[in-house]
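Trainee: Residue strings, one per chain:
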Amino acid sequence: MRVNFTVNGRPQEADDVWEGESLLYVLRERLGLPGSKNACEQGECGSCTVRLDGVPVCSCLVAAGQVEGREVVTVEGLAEFAKQRSCGTGACGTSLQDAQEWQAKGTDSQTGEGEELSPIQQAFIDAGAVQCGFCTPGLLVAADEMLENNPNPSDADIREALSGNLCRCTGYEKIMDAVRLAAARQGEAV
Amino acid sequence: MPTNGAPTKITQGSQTKGGIGESTLRPDGTLKVTGEFAYSSDMWHEDMLWGQILRSTVAHAEIVSIDTGEALATPGVYAVMTYDDLPTDVKNYGLEIQDTPVLAHGKVRHHGEPVAIVAADHPETARRAAAKIKVEYRELPVITDEASATAPDAILVHENRDDHHIGHVPHANIVHRQPIVRGDVARAAGKADVVVKGEYYFGMQDQAFLGPESGLAVPEEDGGVHLYIATQWLHSDLRQIAPVLGLPEDKVRMTLAGVGGAFGGREDLSMQIHACLLALRTGKPVKIVYNRFESFFGHVHRHPARLYYEHGATKDGKLTHVKCRIVLDGGAYASASPAVVGNASSLGIGPYVVDDVEIEAIALYTNNPPCGAMRGFGAVQACFAYEAQMDKVAQRLGMDPVKFRQLNAMEQGTIMPTGQPVDSPAPVAELLRRITAMPLPPERQWESSEGADVRQLPGGLSNTTHGEGVVRGIGYAVGIKNVGFSEGFDDYSTARVRMEVVGGEPVATVHTAMAEVGQGGVTVHAQIARTELGVTQVTIHPANTEVGSAGSTSASRQTYVTGGAVKNSCELVREKVLELGRRKFGTYHPAWATAELLLEGGKVVTDGGEVLADLVDVLGDEAVEIEAEWRHRPTEPFDLRTGQGHGHVQYSFAAHRAVVEVDTELGLVKVIELACAQDVGKALNPLSVIGQIQGGTTQGLGVAVMEEIIVDPKTAKVRNPSFTDYLIPTILDTPTIPVDVLELADDHAPYGLRGIGEAPTLSSTPAVLAAIRNATGLELNRTPVRPEHLTGTA
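So the protein lines, in turn, are chains L and X.
Numbering follows my numbering, with no gaps: position 105 of the first sequence is 976.
Numbering follows my numbering, with no gaps: position 95 of the second sequence is 117.
Hint data in this document are derived by calculation from the structure and do not stem from the laboratory.
Keep in mind that a hint or two might mislead.
[To be verified] Which residues of chain L face chain X? A partial, calculated answer using Cβ under 8 Å: (1) Ala910; (2) Cys911; (3) Glu951; (4) Phe952.
Predicted model, so just to flag it, every value in this text is computed and none were measured.
C-beta atoms are modelled at their ideal positions from N, C-alpha and C, and glycine is treated no differently.
The task is simple: from the sequences and hints, build the whole structure.
Mentor: This is how it looks when you write it as C-alpha cells:
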C-alpha cells in the first residue's frame, strides 16, 4: 500500500508498504529517518517515541496505515519544531544576521557541531545526559512535549512524564538534570 | 615498537583547555541528540537483504532432521543455511573455549540456540520463512543445577572436552574450578566467638542494553567481507569470525558501528558470523537486527549463583576466618565462565583483612541459558553474599555494621587471599565514613498539604498506600573489583596518533580500535591528546581493524589501558615533534637543547613559560605519526590448587548507603536514595565519572528489587524474554543518587587513574538488600527481592 503523511513538516509518500509494518519501520527503513530507535519494538521502552498530531506515541505500536494524512514529528525535526513553537504563530523567517552567523559557523560533518539544537537537545548534551544515546531520541521527544505543557515541572512531574522511557546507562540522574536545565533556560528566555 | 608497562609521568605539565580533569562534553553528543548518530541497527545499503535466525524451541535435544525446503521456496528468500552449509572445518567459536556452534550440529544445548539462518528481501519475509523450517527434536533430560550436573550418571553437556580446564575439574559438567587457600582456617575458627553461616542465591540478570544486537555485512570484490558492527572488542570478534568464514583476517574488515550500550553482553559474538555467512552466500549486503525477544536469547547473561558462607569473628569485632563456596551457573557454553570464576574466588571475601580463608568457586555447564560477562563480572555475586554476612556478624556481635566493616577494612599493604599485596590506596574505611557522613533524606517526603503524593510512595501511581504500613530502612555495603584483564592475560592496547597542520592549525588525530559503547572513551582520548600535545583540535578517527587491537571495553579497563596507549603514543609523537623543532630552530635559541620543553596552546614552550616556536611552524608540511602498543603491569595466573598468585592489576572500591521505604502489607519497595562514595584515582572527566557511578548503581538497584530472567527448572526454558516481563528500573523506580568522588592516585596507572565502571554495580545491590532487611527484619537471602518474599507468600 501507499501511505501519505507529513513528517517534520514535509509531505512524505511511502510506497510498497506491507500492511503489517509499523510507523517506526517506515520512518527508519523507508524514509531514511533512523533517529527513532528500535530498542524493544513492543511499546515498553519509549525509544521510538514520536509526536503523532502532537501526541507522544510509541511509533512501534502504530501501524503505518494509521498515519495516513496525519502529522509526525521525530527527533530529526525536533530542533525545527521547537523553533517554530518559540516563534509562536507569526512568521519567523531567518533574519539576515542569523543567516550570516549560520554561514560563518557551518556544521561539522563528523561531530554535528554547529548544528542548531532545541533547548532540550542542548540541555541533554550539557548535563551529561547522553551516554550510549540509544534512549536519547525518545526521551527528547517526550521531555520536549512535557515542557511544552508544563514549563515548570517538579521532580515528581518529570519522573512521571518520562516513566515510559527506559535508559540503561545513566541512572536517570543526568536526565533529571537536563530537563531541569532546559526548564530553567526556557524560564530565563521568557 | 615501544611496549613497556612502566608508569608514565603524571602529565607533561601543560594546561591546555579541554585537557584531562575537565568535564568536556562528548564529541558525539550532537549527533546523538539529533538522531543522526549511526547505530548498528541504523545501517542501510542499497539492495541489502535481511537476515533472520531460527532458534531452538527446546533446551536440550538431539536434532533428528531439519527440512528447509518450504523456507527456500518462499518468494523473496535468497538463502537458507544450516550447519551443513558452513564453509570450513571451523564450526565453533568462543571467547576462551571454542565450544559454541555457529549453527547447531546434531544437538541443541539451550533454549534459543541458533539452528538455521535465512536471508530475504524483507525482515517479515525472513521471519516467516524461518518459521517454515521444520526441525524435529528428540528431547533429552535437562541439566539445570549443581545436583543434576554432577550426578554420577549425569548426561555431559559437552562430550569429549579437550579444553585446558578439563584436567583439573572434578566433573566434566564443571567448566572451571578455582580454590583459594590461605592460612589455617581450622585453627583460626577456634578463636572465633561468633560463627555465622549463610546460604544465598543471586538471580540471573540481563545486561538489557537498549541497542539490539545488529549489524551489516557487505561482501567485497576481493572475496572478503566488511562488517559494520556493535561490539565491545573488534579484534576479538575478528579472531573468531575469520576462521569460520575460511578467510584470512585481512579479508574481514570490521568497522565499529554505533553501540547502544553493552555492559558485558557484547563480549561474545551474536549475529556477526551469521550476517557474514549470508552476505558471502548471496553476494549481497545483509543486515540483521534482533528484536528484544531475540536479544534475550542472543547474548549471555550474568551468572546466577548459589553462595555458601561461613564467617567467624571475635567479640571485639575482628574477623577470624572466612569459608565460602560459590557455585556459578554458566549455562550451555563456556563464554567467560573461567574468568568469572577467577574473579568470584579471588574477590570472594570482599575488601577485608582476613588471614585465614578457604574459598572455592566453580562454574557449571548446564542446559540453562549461557552466562558470561556482565558489569561486575563474578565480583557482584560474591559482594551480595559477603556483605549480607558482614551485617549478620555485626548484628550477632551487637556492633554497628559500618563500624564493624571499618574495623576489618583492608588498606594499602593488605595481603589478598591470593597472597597479592594491595599496592595502591584502598580507602575502604574512608569510603564508609563518607557514605555515613552524607545527610539523610527527610522522613515522610510524600507528605504535602494536599495529602500524600503517591508518586513518592511504594506502589507509586498504583495508589496502593498513602503511608500506612510503610516503614523505612537504611543499609550499607562496600565492595572490591579488579580492573583490567587478570590472571596473566596479555592485556594491551594500541593507539595511532598523528599530528599535522590542517587549515593553519595544529591538529591531532587519535585512531584506536576501542569500542565506544557509551562510556565516553572518545571524550577522554581527545582530552588526553590535548593535555599531552597542547592542541585544541583533536579528531577521533572511527574505530576499526585498520589499527591494532585496543582490547575489550570491559573490566573497567579502557581509560586505563587504551587511555594509557593514547597517552603513550602522544608522548612519542611529542618527542618526534620536539626533535623536528630542534632540527629546524635549535640553533636560534639555546633552550631547545637545555630546557624541559612542553607543548602548550599550540606552541613549544619551556617549562619556564618561554615560547620557542609555533607548532604550525615546527610541523610545516610534515605529519608526525606513531602507532604503538601499551600494556599495564603483567599479572600471573592463580595456582590451580592454592589460588596463590599476583593475579590482578588494580582494585577499585565503592561504597553505598541505601534508604528504602517498604509497604510491608503488600511487599512493595521504594528506594528513596542510593548514595555512593567511590575512589576513582583521578577523574579524567568528572561528569562522565559521575555518570558511570550513577548508571552502575542503578543496575545494582535493578537486580536488588526487580531484574531476573526466570528459567523454568523443569524445561530450562526462558519464561520472560521481554521488557514486559523482565523489568529494568524506570525513572520512577530510580532514586536520587548523590555521589562523593575521592581521588587517591594509583602511582602505577596513567595519571593515577583507577578503572571505575564496575565497582558501583557491586555494593549497590547488597546496600538495598540491607536496607530492606533493616526495614522489615526479614533475613532475605536471595536477590532480587519480590513482593512475595516480603509478605511471606513466596
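Trainee: Which constraints among the numbered hints does this structure fail? Numbers only, ascending.
Mentor: 3 and 4
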